[in-house]
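Engineer: Make the complex out of the two chains shown on their own, each in a separate frame, by following the hints.
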Amino acid sequence: MILDLHSHSIVSDDGRAKVENYCQWIRRKALSLDGFVLTEHRLYDDESDYRSLEDEFGLLILKASEVETDYGHVLVFGVNEDLRAALDFSRVDLPLQEVLAQAQGCGALAIPCHPGRTRVGMCAHIETRGLVEGVRIIETLNGGSRGEENATALALAQENNYHSTGGSDSHIVSHIGRCATRLATPVSNMDDLITELEAGRCEAVVWESEEWISPN
Amino acid sequence: MDIAELKKKWAGWTFDEVRFEIEAEPLAEFSLACGETLPRYTDPQDPNFQAAPSFAARFHGDRALPEGFPSDREASFDGGKAVDWKAPIRPGDTLIARSHIHDIFEKTGRSGGMMFIVHRMEFSNQNDEIVSIVDWKMIRKL
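If you read the sequences in order, they're chains C and X. Here the working numbering is used: position 107 in the first sequence is 107, and no number is missing along the way. When you read off a place in the second sequence, starting at 1, and then add 216, the result is the number in the working numbering.
So that you can see chain X by itself, here it is in the shape it has in the complex (with noise of 0.2 Å):
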């Protein structure tokens, strides 16, 4: 498979485009799954409130990759998100969560080879601000 040739034609254009709207209680309800304890993430009365840095994860596009992209979801396992804080995300707030290929790469590990293909998706907000990027990386054994 050649990494270089399947970058060029995939990588770098948007493929899919959903909207969030957010609510109160499903931004406190995570914060406590996740250990929170300030009031600004797990109190809707909090007047900072606000989501926990990592809400965006809970996400998903409709789609995880562009449409005719080669997988082989056998030989795939998911390699974790991470995601880049940017503004807060709150109550009211109206989320339009842009995905495409940001990068696929090959690496070589005691299993052999692999090729990471890392999904971008871009939050922004109802003022066209952004508020959260999360990578999630996709891992294909070779």
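Chain C with its partners taken away, still in its complex shape (with noise of 0.2 Å):
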């Protein structure tokens, strides 16, 4: 099963694409994609409803968040009521540490996103401040990022045996699926897709030469 863990839509305050429009795009396109999970900034879509476009059009769409810490942007999969009181998703400056640790308690599953962009990505903070407790995850395909930030996350994967997610960070409708992750077993729901990706029975995948290729 392949799934976008990384998309943004127009609920995100720079996303531009409805979620309907991606659905479109994915069909039309013919894309070899069985779903995608929206990771609105800084927020969780708890008002938004999509299970008629995932009957409509064949397609699993989750809902997730990207917090902002103090060790960059992160991916927050099974946010509940327990986990936004927990935390106060608008901040910037969340620390890592605790956002690891509150979704850990509250039955959900924090992953550091494109850690190797400047700034916003987690491989710049270890060089200063060390690897953080807790990280078992990464995304070290993310169709956002430029040069070798890609690379640089992968080796840090590599190096830590940390597992590895892929997304399109997509922000935009043609941009849905440029990266993806796939999942041994298929899920269909948050729940499920949660345990996949803590066993580990997941890897990045880049659309190449009409198939999925893992660049690890």
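What the hints contain is simulated information worked out from the structure, not anything from laboratory work. Being a predicted model, the structure only gives us computed values, none of them experimental. Check each hint, because a few of them may be wrong.
To be verified - Distance condition first, Cα-Cα at most 30 Å in a straight line; then the derived DSS-like pairs of lysine-lysine: (1) C/Lys29 - X/Lys225; (2) C/Lys18 - X/Lys297; (3) C/Lys63 - X/Lys323; (4) X/Lys353 - C/Lys63; (5) X/Lys353 - X/Lys302; (6) C/Lys18 - C/Lys29; (7) X/Lys357 - X/Lys297; (8) C/Lys18 - X/Lys353; (9) X/Lys357 - X/Lys224; (10) X/Lys353 - X/Lys224; (11) C/Lys18 - X/Lys302; (12) C/Lys29 - X/Lys357; (13) X/Lys302 - C/Lys63; (14) X/Lys224 - X/Lys302; (15) X/Lys224 - C/Lys29; (16) C/Lys18 - C/Lys63; (17) C/Lys18 - X/Lys223; (18) X/Lys297 - C/Lys63; (19) X/Lys224 - X/Lys323.
Said to hold, decoys possible - Taking CB as the label site, the calculated pair distances span: (20) C/Glu47 - X/Gly251: 31 to 39 Å; (21) X/Pro242 - C/Ser188: 48 to 56 Å; (22) C/Ser209 - X/Pro263: 47 to 55 Å; (23) X/Glu233 - C/Arg146: 41 to 49 Å.
Stated by the list, open to error - Partner residues are not named here, just some residues of chain C that face chain X (Cβ under 7 Å, in silico): (24) Val11; (25) Leu43; (26) Glu68; (27) Arg117; (28) Thr118; (29) Arg119.
Glycine included, each C-beta is placed from N, C-alpha and C at the ideal position.
Structural biologist: Written out as structure tokens, the structure is:
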């Protein structure tokens, strides 16, 4: 199963894509994608209901968040009321250690994203402040990262035996599916997805030469 | 800078109000400049002639920010505009545009911390019908 684990809709302040248009694009371009996760910036979208789009387009559409920490940006899967009560998602300086701990305590999963980017990625902060206990998975393929940023992320994962995920980080329709995550077992909801990610039954992939390629 | 305090003090109240008289020729010129080809946007003789959906983005008020708002022009840049079309704008309309700070928030990017100031202009016509809402983002490096 192939899921894009990092995307933004118009719910994010800088998102320009409607979720329906993502679905239309995936089908019209016949992208080899089984679904995507909306990781809106600094908030959790508890209002939008995409079940009718899932049915219409035969795609899995899940909701998560991208929060901002002292070690860069972090995707949070399995956001629930307890976690939202514990963390102020609108902050831009959440302590990563606290995000990891609170996510684990609330049954969610925190994954540092685009770690190779300056300032908003984990690698630069590790250089000055060291590794953070509790990180087990990082995003090693990000569709919005430049040049060597994904290579830096992959090196970090390999050095520390982190599991890896991929996501397009799309903000516009045509960027969905630039990178994705291959799951060994199909999932149908957020709980199942977290189970697979925590077990490491996942790998970051990019679409090249008509197939999903893992750079690992 | 305390973003929450800034938002509490400056967001949500009207600080500017301006009036615009709408004429046919600028509507058609704007549409053509945008690459529109539909006659209802480009031909003043079309029975359904109206402004292109993003037309209201061309207007500016008398003030970008409320008087006294702490600004730093050298560290600021334009973050673009988003237009929410509500109803047609047609020749002969008189539009009233009211401006307020809709939101102030902070985020981080490759270049560091940034503050976003969202200036919202709400355009109403002579019938008090809202025809367009334009959000203009101003970005300031922190």
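Engineer: Can you list which hints this structure breaks, lowest number first?
Structural biologist: 1, 12, 15, 24, 25
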